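I would like the entire structure built from these sequences, with the hints used as guidance.
Residue numbers (UniProt numbering), protein chains in the order written: chain F, 1 to 198; chain U, 1 to 405.
Bear in mind the hints are in silico, worked out from the structure with no lab data behind them. Among the clues, some could well be false.
Heads up, incomplete: computed chain F residues facing chain U, CB under 7 Å, no partners named [unchecked claim]:
hint : residue
1    : Met-1
2    : Ala-65
3    : Tyr-193
4    : Glu-195
Not close to chain F: a few residues of chain U, all C-beta gaps over 10 Å, as computed [claimed, not checked]:
hint : residue
5    : Gln-33
6    : Thr-197
7    : Ser-277
8    : Met-369
Just so we're clear, the structure is a prediction, and the values are computed from it rather than from any experiment. The beta carbon of each residue, even a glycine, is placed where N, CA and C say it ideally should be.
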Amino acid sequence: MARVKFLCDTDRCIECNACATVCKNEHEVPWGMVRRRVVTINDGEPDEKSIAISCMHCTDAPCVAVCPVSTLYQTDLGIVLHDKDTCIGCGYCFYACPFGAPQYPRASLFGSRGVMDKCTFCAGGPEENGSEAEFRKYGRNRIAEGKLPICAEVCSTRALLAGDGDTIGEIYRERVIHRGYGAGAWGWKTAYYPENET
Amino acid sequence: MKTEVRVRGKDFTGYRIVGAIAALLLALVFAWQLFELFDDDNLTVPEVRWGAAGDDSGVAGVLADDLITARSRLQDERYRTGPAPDGEVPANALGNEIFLTDEPLPRDTTLTRSWAMLDEDTGQMLQERQRVVGRSSLPYANAELFERPFARDWRLGLADFATHLGAIAIIGFSLLLALILAIRGRVPILEGRAHRTVKRFNLFERATHWMTSFSFIMLAITGVSIAYGDTLIRPFGDELLGATGWISTWGHPIFAPPFALGIVFMAVMWTMRNLPSRLDLHWLSKGGGFFSDDGHNPPARKFNAGQKLIFWSAILGGITMVLSGLTLMFPYYWLDLEGMSWAMLIHAILGVLLIAIFIGHIYIGTVGMQGAFWAMWGGNVDRNWAKEHHELWLAEIEDGKQGKA
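Here it is, written out as structure tokens:
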């Protein structure tokens, strides 16, 4: 069985923010929230790198473990999804997330937190796949259409890879051998291999 | 002071039977909780399975696998995958047709465990686990954060440590009290009631106490249904859990202001009388006379050392709960993400401990001690109760009265 992952090749990412933009457009993500963003580290230094980051759909996902209601759940592809109808906006998933993925609209509870929103790996939510209700709450369900997340498929430099972890890992390794260098898979240890100590 | 013993704790047979039944039930719950501590349900496992539309055979996960893997290969270098005509293009690469459905999956840790296994090829391409914060051109709170491994520790702190510690503390302490009631009985008024009363708390003190205690109980109930809803409420349905969650999320901040106000009033009214003194050491070394009916209760002023401990738990615990709670209600107002994470952990751990402590307070104020409840309810206590438990205070007010007369 495939296990989906995100991999950002920092030697290719040019911080064009197309992934962040296309994500907002594809899913009609509301104002004030962003499911994918690009982080630049060592900005202005010779070793400057940019990395696109969103929900990584972790193994043994900490957000699912701390959710006090039944909002967060994982599928057998490894995709972590959320149910906006049961979310209470408590913020636990936000504290438990190693990548700062959960977002809350400033809507309720004295203007602090509304119902959580995060990257769905373009896989919608608990509603019927491809339905209008699903699109309005979670955006397009590209996985059910047999496609991959739009952020990766739109990436002009193929820096951001999404899909079956073994397959994209293989693509990345071949690429590193071909060009002779590679900074490695950022965030994978925290996201996918939690029990392997550094 | 020698007291003639007319009533003993063991004489409260009815109370002791109820205590024994409660102890039995709590022992079962406690055993279940100990089992929960060591069972293997802390691992996040997939709950939903992808399948093929219109296929009921259950083996359709293969289709999801094929679709995703074939599509993933398309991201390889263009000369290998197309769009050149000689490239290998999967048939399902285009169109908006829905191929996959999802359905519930029984709980099984196999998938999660297999995902966590690291093969050598992958192991060599992993970056070190570290906190990474850069900058971002996107104008969102926290957009510059890439990775914070601390989040996984936070999850253990909340989902494992605070939750299990709280359950063990609350159930364990209740069990202990039920056993004490069953074996020792109530703490009696040894000489029996004098049927003469003395004034102990005025109306304002009592009103403050009941406002604070009612708010505290509501905060505890809403807090517990958020913290333990998954165990206590989810068996009755996800919908009910969601509804309870919403009510609790709103109820929790609604009862916070009266609680905070009560804490302030109590601090103003009672701090002077709750400052520690040498008498408290003596009182504590005798266990407050709690375990014996020999008529040698250690002397105390208006508040004995046990009451002082409860007072300071309420004041210090209450202030910490209110401050950490306010921090959580207003994200980023004065703390960043790490600060808020710690505020949440402190709020959770202190919350469950305070619930355990105040179960003790409620016990000793009601069934645990004969005559104690009326101090806070009507404001007057039986003179013999005052003589046995607060003899210095009784002497103080009676001397005061005589002085006035």
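Here's how the hints hold up against the structure:
1. Met-1: holds (5 Å)
2. Ala-65: Because about 5 Å separates Ala-65/F from the closest Cβ in chain U, which is inside the 7 Å limit, the hint holds.
3. Tyr-193: Result: holds, 5 Å to nearest chain U Cβ.
4. Glu-195: holds (5 Å)
5. Gln-33: holds (18 Å)
6. Thr-197: holds (46 Å)
7. Ser-277: Non-interface label stands for Ser-277/U: nearest chain F Cβ at 42 Å, farther than 10 Å.
8. Met-369: holds (36 Å)
Going down the numbered hints, you'll see the structure goes against none, and every one checks out.
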